[in-house]
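S.K.: Chain by chain, the residues run as shown.
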Amino acid sequence: MNCQQVQTNLSLYLYGELEFGEEDALEKHLGSCAFCQQALGREKQWHSALNAERQDVALDLLSQCRQDLKASLAVTKPKRNLFRSWLGRIESFGFSGTRWSSRLALASLLVSIGFLSARWIDRNGLPGGVGLNGTNAMSMLGPTTARIRDIQPASNGVRIILDQVQQQEVTGRVSDDAVRRLLLQAARDPEDPAIRVDSVEMLKNDPGTDVRDALLYSVEHDPNAAVRMKALEGLRQFVGDPETRAGLQWVLEHDENPGVRSEAIDVLAPANQRFTFNPQFADSLQQIAQAQPDDDYVRDRCFQILRAMNASLDIY
Amino acid sequence: MRGTPERTNEVALIRAAQGGDEDAFEQLVRSYDQNVLRMALNLLHSQEDARDVYQEAFLRVYRNLPKFRFDCAFSTWLYRIVANLCLDQIRKRKVRKEEGSAMETASGEVDRFQFLPERRADVDPQRQLLSHEVSSRIQEVLGHLTPRERIVFEMRHFQGMKLKAIGEALGVSEEAAKNCLFRATQKMRAALGDFV
Numbered sequence: 001m002n003c004q005q006v007q008t009n010l011s012l013y014l015y016g017e018l019e020f021g022e023e024d025a026l027e028k029h030l031g032s033c034a035f036c037q038q039a040l041g042r043e044k045q046w047h048s049a050l051n052a053e054r055q056d057v058a059l060d061l062l063s064q065c066r067q068d069l070k071a072s073l074a075v076t077k078p079k080r081n082l083f084r085s086w087l088g089r090i091e092s093f094g095f096s097g098t099r100w101s102s103r104l105a106l107a108s109l110l111v112s113i114g115f116l117s118a119r120w121i122d123r124n125g126l127p128g129g130v131g132l133n134g135t136n137a138m139s140m141l142g143p144t145t146a147r148i149r150d151i152q153p154a155s156n157g158v159r160i161i162l163d164q165v166q167q168q169e170v171t172g173r174v175s176d177d178a179v180r181r182l183l184l185q186a187a188r189d190p191e192d193p194a195i196r197v198d199s200v201e202m203l204k205n206d207p208g209t210d211v212r213d214a215l216l217y218s219v220e221h222d223p224n225a226a227v228r229m230k231a232l233e234g235l236r237q238f239v240g241d242p243e244t245r246a247g248l249q250w251v252l253e254h255d256e257n258p259g260v261r262s263e264a265i266d267v268l269a270p271a272n273q274r275f276t277f278n279p280q281f282a283d284s285l286q287q288i289a290q291a292q293p294d295d296d297y298v299r300d301r302c303f304q305i306l307r308a309m310n311a312s313l314d315i316y
Numbered sequence: 001m002r003g004t005p006e007r008t009n010e011v012a013l014i015r016a017a018q019g020g021d022e023d024a025f026e027q028l029v030r031s032y033d034q035n036v037l038r039m040a041l042n043l044l045h046s047q048e049d050a051r052d053v054y055q056e057a058f059l060r061v062y063r064n065l066p067k068f069r070f071d072c073a074f075s076t077w078l079y080r081i082v083a084n085l086c087l088d089q090i091r092k093r094k095v096r097k098e099e100g101s102a103m104e105t106a107s108g109e110v111d112r113f114q115f116l117p118e119r120r121a122d123v124d125p126q127r128q129l130l131s132h133e134v135s136s137r138i139q140e141v142l143g144h145l146t147p148r149e150r151i152v153f154e155m156r157h158f159q160g161m162k163l164k165a166i167g168e169a170l171g172v173s174e175e176a177a178k179n180c181l182f183r184a185t186q187k188m189r190a191a192l193g194d195f196v
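Chain order of the listed sequences is Y and U.
This note's numbering numbers the first residue of the first sequence as 1 and each following residue consecutively.
This note's numbering numbers the first residue of the second sequence as 1 and each following residue consecutively.
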């Protein structure tokens with residue numbers, strides 16, 4: 001490869017989209033050409049500049065979209081042939097569309113009708129207020145959703161496995177064990193960033209170490225910048241703690257979002273704070289400034305603090 | 001950090017959703033909807049249009065899910081729908097000609113540059129100015145890409161999709177997707193080379 005071929009292929013190289021042979025030839029050329037190495041540096045820089053343009057989706061917009069979709073789905077039901085849908089399910093168990101499987105599908109349909117009727121009766125009661133088999137356990141559990149996981153023949157008829165999800169309401173103070181446990185769990189909900197933001201918001205003023213650990217987990221691992229920002233707010237109260245400072249330093253060195261990094265440096269070193277020389281802290285600041293050469297705010301704040309501590313800036 | 005559900009888990013979710021399980025469908029939506037919305041926003045620069053694309057894309061998935069036969073990855077199918085909707089929108093509005101720094105929001109039209117990351121007052125003004133210039137140059141050059149180049153670039157650079165998957169999603173060969181990406185990056189390099 002010559003210089004022109006290398007330089008026109010640099011982006012594909014960075015994306016890992018070159019053929020093995022092309023990549024090999026390009027790397028060989030780069031190893032011996034300072035001019036193309038500089039070009040690669042420039043290519044990486046504009047890729048980074050583009051990454052900084054990437055905006056996180058606003059949570060309220062996402063929430064609106066989800067609500068709109070839910071409303072539309074409520075009036076848009078897919079056109080499905082119920083009997084065929086049941087046949088499809090039966091087929092997924094490994095049976096083909098024979099007369100025998102059709103009978104089995106019909107049998108399953110009847111079983112499910114029986115089951116749903118039983119649930120209806122269980123919830124609403126029989127005329128005269130008598131529960132099924134004299135018990136009313138399901139309705140005592142509150143709103144429950146159920147899904148049939150498996151249906152198998154059994155010696156006395158049929159064996160049905162159900163997954164049930166029961167809705168419950170829990171109210172109390174954040175310091176209450178049950179509430180706290182749920183909030184800590186919700187802070188790691190993989191599906192819903194809005195739930196994570198809400199739980200972090202509730203937890204952030206609590207001084208417990210379990211809360212600190214949850215907030216540190218969020219700032220280091222949460223994919224959503226809004227959740228990380230919220231967790232950073234909560235970490236202000238723990239800033240004297242070495243583990244928290246180490247977590248904040250990690251964020252400053254590795255977080256891809258400039259807003260999160262700015263918040264992290266403000267938490268780690270509030271603007272109005274007086275600084276006395278601390279070799280470890282100075283070392284951290286030097287590493288952060290080195291790790292974020294393109295982040296104006298973080299880099300300048302590091303330099304300001306280093307100057308205020310009369311620490312050296314010369315290692316760069 | 002980020003990620004779609006495990007493949008096996010996703011297959012189970014799709015099968016459950018095909019069987020009419022609303023919760024499973026909701027979980028599928030939540031696995032992808034942030035990326036779908038981000039892609040629509042980046043390509044269309046309009047919250048209203050992005051909301052429409054989000055809504056229409058998932059409604060189409062919902063209506064057609066019973067016919068989905070796992071011939072391709074679910075994500076490929078979904079992104080094909082989203083890409084087609086975005087392409088339709090871009091073509092309809094002729095975004096390339098209309099697009100300036102104005103951007104539609106729920107509260108009316110505003111300048112897109114007000115949404116760029118805010119720089120602090122104590123930062124070197126020269127660096128700050130340069131940074132703003134880079135941002136505006138990026139927006140300008142993105143606006144000058146053809147609709148297909150924009151979509152391929154968005155899918156590769158911002159969504160991290162491989163060219164093979166992009167080709168499948170757009171119904172073109174991997175080589176055609178690669179050519180699109182190549183042209184897009186050439187334009188970006190030409191426009192940003194002096195700034196970085």
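Certain hints may be false.
[As the list claims (entries may be wrong)] No more than 35 Å apart at the CA atoms, straight line, and that leaves these computed lysine-lysine pairs for DSBU-like:
(1) U:K67 / U:K187
(2) U:K67 / U:K162
(3) U:K164 / Y:K44
(4) Y:K28 / U:K67
(5) Y:K70 / U:K187
(6) U:K92 / U:K187
(7) U:K67 / Y:K70
(8) Y:K28 / U:K164
(9) Y:K204 / Y:K28
(10) Y:K28 / U:K92
(11) U:K164 / U:K92
(12) U:K67 / Y:K44
(13) U:K164 / Y:K70
[Said to hold, decoys possible] If we take Cβ atoms under 8 Å as the criterion, some of the chain U residues that face chain Y in the derived model are:
(14) R30
(15) W77
(16) L87
(17) I90
(18) V134
(19) S136
(20) Q159
(21) Q186
(22) K187
Hints listed in this document are in silico derivations from the structure and should not be mistaken for laboratory results.
Since the structure is predicted, the reported quantities are computational estimates derived from the model, not experimental observations.
We put the beta carbon where it would ideally sit given N, CA and C, even for glycine.
S.K.: Look at each hint and say if it fits the structure.
M.R.: Right, here's what the structure says about each hint:
This hinted pair does not check out: K67 of chain U and K187 of chain U have alpha carbons roughly 40 Å apart, beyond 35 Å. Distance check on the hinted pair: K67 of chain U and K162 of chain U sit about 26 Å apart at the alpha-carbon level, within 35 Å; holds. For the hint pairing K164 of chain U with K44 of chain Y, the CA-to-CA distance comes to about 23 Å; that is within 35 Å, so the pair holds. At most 35 Å may separate the alpha-carbon atoms for a hinted pair to count; K28 of chain Y and K67 of chain U exceed this at roughly 49 Å.
For the hint pairing K70 of chain Y with K187 of chain U, the CA-to-CA distance comes to about 41 Å; that exceeds 35 Å, so the pair is violated. Proposed proximity of K92 of chain U and K187 of chain U is supported: the alpha carbons are some 24 Å apart, at most 35 Å. The suggested pairing of K67 of chain U with K70 of chain Y holds, with an alpha-carbon distance near 21 Å, which does not exceed 35 Å. Taken as a hint, the K28 of chain Y and K164 of chain U pair is honoured in the structure, with Cα atoms around 26 Å apart against an allowance of 35 Å.
The hinted pair formed by K204 of chain Y and K28 of chain Y fails the criterion: a straight-line CA distance of about 52 Å is larger than 35 Å. With a C-alpha separation of about 46 Å, the suggested pairing of K28 of chain Y with K92 of chain U is violated against the 35 Å cut-off. A C-alpha spacing of about 27 Å is found between K164 of chain U and K92 of chain U, which places the hinted pair at or below 35 Å, so the restraint holds. Of the supplied pair hints, the one linking K67 of chain U and K44 of chain Y is violated, its CA atoms being roughly 43 Å apart against a limit of 35 Å.
With a C-alpha separation of about 33 Å, the suggested pairing of K164 of chain U with K70 of chain Y holds against the 35 Å cut-off. At its closest, the beta carbon of R30 of chain U sits 5 Å from a beta carbon of chain Y; the interface hint therefore holds under the 8 Å criterion. Below 8 Å, beta-carbon pairs count as interface contacts, and W77 of chain U has none with chain Y, the closest being about 16 Å; its hint is therefore violated. At a threshold of 8 Å, the smallest CB-CB gap from L87 of chain U to chain Y is about 20 Å, leaving the interface hint violated.
Against a cut-off of 8 Å between C-beta atoms, the interface hint on I90 of chain U is violated, since the closest Cβ of chain Y lies about 19 Å away. For V134 of chain U, the interface hint holds, since its Cβ comes within 8 Å of a Cβ in chain Y; the closest pair sits about 5 Å apart. Interface hint status for S136 of chain U: violated, as the beta-carbon distance to the closest one in chain Y is roughly 10 Å, over 8 Å. At about 10 Å, the closest approach between the beta carbon of Q159 of chain U and any beta carbon in chain Y exceeds 8 Å, and the interface hint on this residue is violated.
With 8 Å as the threshold, the beta carbon of Q186 of chain U comes within range of chain Y, its nearest partner Cβ sitting at about 7 Å, so the hint holds. Given the 8 Å rule on beta carbons, the hint for K187 of chain U is violated: about 11 Å separates it from the nearest Cβ of chain Y.
Of the hints listed earlier, those the structure fails to meet are numbers 1, 4, 5, 9, 10, 12, 15, 16, 17, 19, 20, 22, in rising order.
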